[in-house]
Amino acid sequence: MNALRLRPRRSMTRWLLCAALLGLAWTAPAQAEDDDDFETGWVGVRLGMWYRPEVRLEGLVSGKALGFGPNVPGTSFNAERDLGVTQNVESDFFFDQGVGEAEVFFDSEWISLSLEVVAPHTYRGSRVLQRTINFNGRTFTAGVALKTKLQQFTGGAQIKLNVLNNRIVAVSPLIGVRVLGIDWELESSVLGQPALRGDTSDISSPLQFGGFQVLPYPELGLEVKVGLRKYFEVDAKLAGFYLDFFGVRGGAIEAELGATLYPVSNLGIRLAYRYYAVDFEARKSGASSNFFEFDLEFLGPSLSVVVRF
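Under my numbering, residues 14 to 322 are what the sequence shown spells out, in order.
Since the hints were made in silico from the structure, they are not lab data. Accuracy of the hints is not assured; some may be wrong.
Taking lysine-lysine pairs in the BS3-like style, the calculated list, with each CA pair at most 25 Å apart, reads [claimed, not checked]:
#1 Lys238 to Lys250
#2 Lys77 to Lys162
#3 Lys77 to Lys160
Given only the sequences and the hints, what does the whole structure look like? Please build it.
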């Protein structure tokens, strides 16, 4: 009797196992199809606008009067308070109050590469000086009318290692190199006298591009993406560095939080907010004071279109 009672139970167990195996047989292709449906390999471009990035600048620039003679120590200045620089940004590469930006990228399951640039953009100011300021060897005395032009661009290349990359989340440590280009100019005019101009483009340095002084530096960071990534993803990136060698000391940090919507697989719309800060100081060999020093910050929203294939 006990054997007869066990048979139905064994038979039921066999049917349950068969049903489970059939279920796995049906679901496995569906899961594989879902995995194949999420594409990790893309080549594309992102074109956008950084809208009215706010600028904050404190710095000093030393130099030789008229290009020769003893070094004239620079005077610390605040761009807004001392020079009257406003938050109205100008750029020849986008609409009024917007700065053009572009990125070319290649994504694969394990590695992602990107090249990006923020176009040259300018902030201007005008003010009657309340105190005397030395800038690149020129002395602008208190009481004169001063005009200021601050122009800069940024660019960089990054390699990301996708240690985790699926339909829900991606985690990518990154390494890269970034450049900051600056061209800052102060100019005053007094009736009956020639204009006095101090310009960072007059500084002799190993890296120049046009009128820009170019400062390259490495960066390390991390990027995380989360969402139903085929349709929508939120991303956060934090990168930076610190260095101290050959008379140059400083650091930089870039933080960005964004969201991208993909109405179709090849087209995305991205909204982000970016904070970018650079703090540099440098001395010439044998100099007793800093040759230049600045603390520069930008922050603001960006809107861009992503096209990928």
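Verification of the hints:
Using a Cα cut-off of 25 Å, the hinted pair Lys238 and Lys250 holds, with the two alpha carbons roughly 9 Å apart. For the proposed pair Lys77 and Lys162, the alpha carbon gap of about 21 Å is at most 25 Å, so the pair holds. For the hint pairing Lys77 with Lys160, the CA-to-CA distance comes to about 21 Å; that is within 25 Å, so the pair holds.
Of the hints listed earlier, there is not a single one the structure fails to meet.
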